[in-house]
Amino acid sequence: MALLAQQLSRWFNSVKLSSFIKATQVTKHSAGLGKNASAQALLSSDTCFLQWGIKTDRALFSWSSFQSANTTRRKSSTNSTLLPSVSEQPEKIPRLESELPLEELDDLPPLSPLQPVSEEEAIQIAAYSPLPLSSSTLADYVDHSETLQKLVQLGVDLSKIEKHPDVANLLLRLNFEKDIKQILLFLKDLGLEDNQLGPFLTKNYAIFSEDLENLKTRVAYLQSKNFSKTDIACMVKNAPFLLSFSVERLDNRLGFFQKELELSVKKTRDLVVRLPRLLTGSLEPVKENMKVYRLELGFKHNEIQHMVTKIPKMLTANKRKLTETFDYVHNVMNIPHHIIVKFPQVFNTRVFKIKERHLFLAYLGKAQYDPAKPNYVSLDKFVSFPDEVFCKEIAKASVNDFEKFLKTL
Amino acid sequence: MGSSGLARLQGLFAVYKPPGLKWLHVRETVELQLLKGLNAQQPSAPEQHVRFLLGPVEGSEEKKLTLTATSVPSLTTHRLVRGPAFRNLKIGVGHRLDVQASGVLVLAVGHGRSLLTDMYDAHLTKDYTVRGLLGKATDNFCEDGQLIEKTTYDHVTRERLDRILAMIQGSHQKALVMYSNLDLKSQEAYERAVQGVIRPMNKSPMLIAGIRCLHFAPPEFLLEVQCMHETQQQLRRLVHEIGLELKTTAVCMQVRRTRDGFFGLDDALLRTQWDLHSIQDAIQTAAPRVARELRKNLSLMSGHQQQLPSAGQPWASRVQAPL
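Respectively, the protein sequence lines represent chains G and W.
FYI, in UniProt numbering the residues of the first sequence are 1 to 409.
FYI, in UniProt numbering the residues of the second sequence are 1 to 323.
Isolated chain W, as found in the complex (with noise of 0.2 angstroms):
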């Protein structure tokens, strides 16, 4: 019963962190659910020991003696004398969230680590909402830092800050196709465009895919922001040089994730539904659309192997052309 319980526990689950808690306080208070749900459950039935008894023979008339077999229970195995069943459990962690930030923190348990590998060397794009404030600059881009600078911001209008967006949207997009390493004359270049597939193959810098905002009442502004390879604090270092180009200044309020790769807000469990069944349910239901999305991206990156051997086969031919 146990063992059935934890296998239904491997694979890939999303939680929703609130703010103000660390993403290894997260990690500790899941586990200690799954430990609590694993260890309820029903004990096995107890192991039984074989006692030779010392007694009369039956049904002789003689008073002769004889042993007997028989099974007693043993208590070596009960749940008092040998502790709980399980004591820890391998739990990761995906993308992670720093202590101000909230939203969609993607854990896996047991096996189901491995495809926490998966996920990072697929270099999915991630959605953040980014709210902030026009006229303040602090030491750390938080609303909670040393306040640093106060500016005015009557002149700023949504249309100019439409056009940075748009700006810092366009600057991107050519740091993305410089680091997925792919020839802008090629044809894979424009089957992959077409597709929406360009991403990097390795590490860099904070890439935006895509930057619009959502809300606009002065002082206030809310954006959406998708994004790879990012942390936290680069995004809200982006809300203070938004402030910069918008010649005023601005802060960072709320940093919050609502997609990390394929899980979204409405896979997130609150802090409320971190336990057993519920936990088992994300799993089982989010693991055919993990398995479907990984291997599409397996897919992806072999075909972009097959680029080496295309590329020598001109050299190949300049090399028959002096025979």
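Bound conformation, chain G alone (with noise of 0.2 angstroms):
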């Protein structure tokens, strides 16, 4: 009997392990018990060892349920688990004849009710409940899964990882001491904060199917570059899949910034590290950009290099935002094009919040945006400052009176 309580744990072993590394190995096996049920087999190897698991639940709930019972309740306990399993002796014999011919028992050791389980290897057999074959959620698996369990105590964001099916299954597969810990080390190594990698690692999930020494070669091209390990920090930290594109790619993109640009490679160098999604995204809008703030906007090609050294968002901002912004500035509020070069941080504003402001400011007749006459508002004030410090500094008046103006708009 002690042979069959090791076969039955090695069994449920391998139920757990097929459940969370080879989902076909599951799928196969439910086939399995779905060709025994179409064969109408009276009784199945498989079904024998579900029976069994059964009047093993069964054993440990009476056990767990009289733990604080006296000597005597215990016997009576154990003689009641035991008569079962000595009434039915007689309905497995013919049965097990029956199936004697079957391929499947050559690979099972014959079995031998007849020896009774002793308490202690009772107690050692353990019944897990069954894993879902397939789930659209990683709920079902955390409880069961060690290296779920450490990436939520990261700070990954599973939630947001399992819409994406591919990744879920990934996840499940991986073994956080021979996949995982190599790429924190090597992320911790980078610079990144305790409290950045969740966030990092909820964005590029797909860097534990990476090649560590790429990791590496793409890091060292950084740094061939001239970025310090804190910019590369800096960098990582905010465009999470710099690291997975590869070193000809993160050249042609250097060399795109600097030739479109015309900058020095100090500056680019500086631009980069200030908004790094520049590397990772999308070339479209960067160059339709550069059209509309030349063509439509009528910028000069040195006043565009001065406003995106200093704002480099400009880059990547919306093209229908910018023309609005633009024609609200410059037409409405007449301010012309060599004052927009100093203060480009207005296009990062929104247009609303400018047409609020101006207005009040109109209304009130302290609306002058020209440096040369006085009572004049800096553009850098206008757009920058929160509601309270610009009605105290610029319209000298109060919330209250901003707010009553906001409603007759």
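The hints are simulated quantities; they were obtained by calculation from the structure and are not laboratory data.
Honestly, I wouldn't trust all of these hints.
What the hints assert, rightly or not - Computed list of lysine-lysine pairs in DSS-like fashion (alpha-carbon distance at most 25 angstroms, straight line):
1) K22/W <-> K407/G
2) K185/W <-> K404/G
3) K163/G <-> K36/W
4) K22/W <-> K404/G
5) K36/W <-> K203/G
6) K185/W <-> K203/W
7) K407/G <-> K126/W
8) K22/W <-> K319/G
9) K22/W <-> K355/G
Claimed, not checked - According to the in silico footprint, chain W covers these stretches of chain G (three or more CB under 8 angstroms from chain W):
10) 139-150
11) 156-170
12) 397-409
Owing to the predicted nature of the structure, the values given are computational and were not obtained by experimental measurement.
Ideal placement from N, C-alpha and C gives every residue a C-beta, glycine not left out.
Given two chains presented individually in distinct reference frames, assemble the corresponding complex, making use of the accompanying hints.
In structure tokens form, the structure reads like this:
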């Protein structure tokens, strides 16, 4: 019977392992069960094991429910659990005889139903609830997978990752010690903080399938371009997919920005460090925005250079928003190009905010944006101050007055 | 915690819709802000999982094994595994405003959406300020439409405008009485007129309960309109027709709603105030007033229905006469 107990434990472990690692084997296993059912076999070996598992569950339940009972009650419960198996002995013998010709029996040791199970052996039988064969969420597996538990503790958002079925399957197959730990140590060496690993891995879960040597090669390339360790850590944090791109692609991107904007090597490096998404995003919006600035808005090339160096985000801004902002600032507020060039952060501001503040200042008679005249309002302060400071310093009015004015528009 | 936050959100509140923004975007923005606020609240304690661990019996010299029940926190309900607790929110919109119009827009959250139906059935008046510009006519009655005609307006005076507005108000007053299904010779009509609660009980064209000029500085003028069953385009057309009555033309520059039933400008939340706490406070503040107004309107409607039995009595008495 001890041999049978070991066999049972091994079978349950194999079920658990196959559920985690190989979905195809589990599928084949369930197909096998179906085949037995279609063959109308009276009692297959698997069914026999399942029945034995059910009895084991009953024994465990009885044992745990009577834990606090005295010795006498414990003995009586043991006797009661033994009785059903004894009474079923005659039924099992003919079934086993009928199944002797089956080939499957060759793989299994002969059963010994007559052998009693000792208390210690009964306790060591562990019954796990079965895992679902397929699921649309990782929540069903998180309590059984050490890898998923550790990822949650790191701060990885599994609810976002599970929307990609391929990635969910990948995570279930990974082993934390063998597959994930080295990537985490690599990222720590790179300079990422502990609380930044979670958001990074939530975005770039594909890094687990990257080769570690390739990652090191890309970091070495960035270092050879005189990016400092701090710069590389900052870039990786702000653009999680940076290390997933090949060295050739990174080189082409850096070359594009240097050539297109005619910047020096150092300025190109500063630009990329401040907005590393330029290296991972598409180039089409950048090219289109360059055309918009030059042809539609009428800026010269050196003016564009200056603005982009100051506010790199202008390169990836929405075209319609850019045009709308410029139209209002230039045509309604009558601010010329050379002043806008000095304060390019106006393109980073929402259009309705500019409209509201300009109309308020015009209503108060303080909309004066010419530096050469008195009561000059700086465009920088105009767009960057929060509402309270804007009302107090520039408009010289209370926030309540501003809010009342906003309700007259 | 999340459910209590959601419970305080059931009701009506008002926002101020800026010009150029669709009412659909207002609703989506408010929904996102509310979901962000609800999901940011403190998560509940994690679920406990009972595990049976194999270990030696404590205090016993025998090398015996036993099972021990242990509670282990389960990660199944963790936020990073389950995702955000609130994913969508039912928000209803009251009487709508089109893109160019601005003003008070009533929204309802959750079970408060049923109050919107009560508000609609109450047929309450709404206040607008409408800004007009003399001397121009366009195809869509707006300033940004295709220019059709230009006219002079030197002959227009404040007195002429006031006279035309009074004429408009008078004609709409008659229509108001007609659509309210009241007999002008009855006592009930007199009592309702004294209280100022004459209103139609069914659908009707736009009815103007009051209209007056707030500001007159040619070529601009500013009107205040109290109306019901209106659309903003009908108000723009009204400005156009006022221009024609003045022997000139006029276009509408602004349509702004200053009151919708019992929600005024003071109740309207600005864009910076569309967050969970401000909206919860607005709903709690408005709830008693909403309940009181709707209850009062319900009593008026039930009083109106009592007319039917009294109308039957003369017929019964007339039937008895031949006997």
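Quiz item: Taking a Cβ-to-Cβ distance below 8 angstroms as contact, does the segment 156-170 of chain G have at least three residues touching chain W?
Solution: holds (count 5)
Self-check item: Straight-line alpha-carbon gap K36/W to K203/G, limit 25 angstroms
Solution: Given pair K36/W, K203/G holds - Cα atoms ~20 angstroms apart, limit 25 angstroms.
Quiz item: Under the criterion that the straight-line Cα-Cα distance not exceed 25 angstroms, is the pair K22/W, K407/G satisfied?
Solution: Holds: K22/W and K407/G sit about 17 angstroms apart, inside 25 angstroms.
Practice problem: Check, residue by residue, whether the segment 397-409 of chain G contains three or more positions whose beta-carbon lies closer than 8 angstroms to a beta-carbon of chain W, and give the verdict. | Solution: holds (count 5)
Quiz item: Mind checking, does the segment 139-150 of chain G have 3 or more residues with a CB under 8 angstroms from chain W?
Solution: holds (count 6)
Self-check item: Distance restraint between K22/W and K319/G, which requires alpha-carbon spacing of 25 angstroms or less
Solution: 21 angstroms, holds
Quiz item: Taking 25 angstroms as the top limit, are the C-alpha atoms of K22/W and K404/G close enough?
Solution: Judged against 25 angstroms, a Cα distance of about 21 angstroms means the pair holds.
Quiz item: Within a Cα-Cα threshold of 25 angstroms, do K163/G and K36/W meet the stated pairing?
Solution: OK: K163/G and K36/W at ~20 angstroms, within 25 angstroms.
Quiz item: Under the criterion that the straight-line Cα-Cα distance not exceed 25 angstroms, is the pair K185/W, K404/G satisfied?
Solution: Roughly 46 angstroms between the alpha carbons, so the hint for K185/W and K404/G is violated.
Exercise. Could you grab the alpha-carbon distance between K407/G and K126/W and see if it respects the 25 angstroms cut-off?
Key: Status holds; Cα separation ~16 angstroms.
Practice problem: Could you grab the alpha-carbon distance between K185/W and K203/W and see if it respects the 25 angstroms cut-off? | Solution: 24 angstroms, holds
Quiz item: Is the hinted pair K22/W and K355/G satisfied, with a Cα-Cα distance of at most 25 angstroms?
Solution: 17 angstroms, holds
Hint violations for this structure: number 2 only, all remaining hints satisfied.
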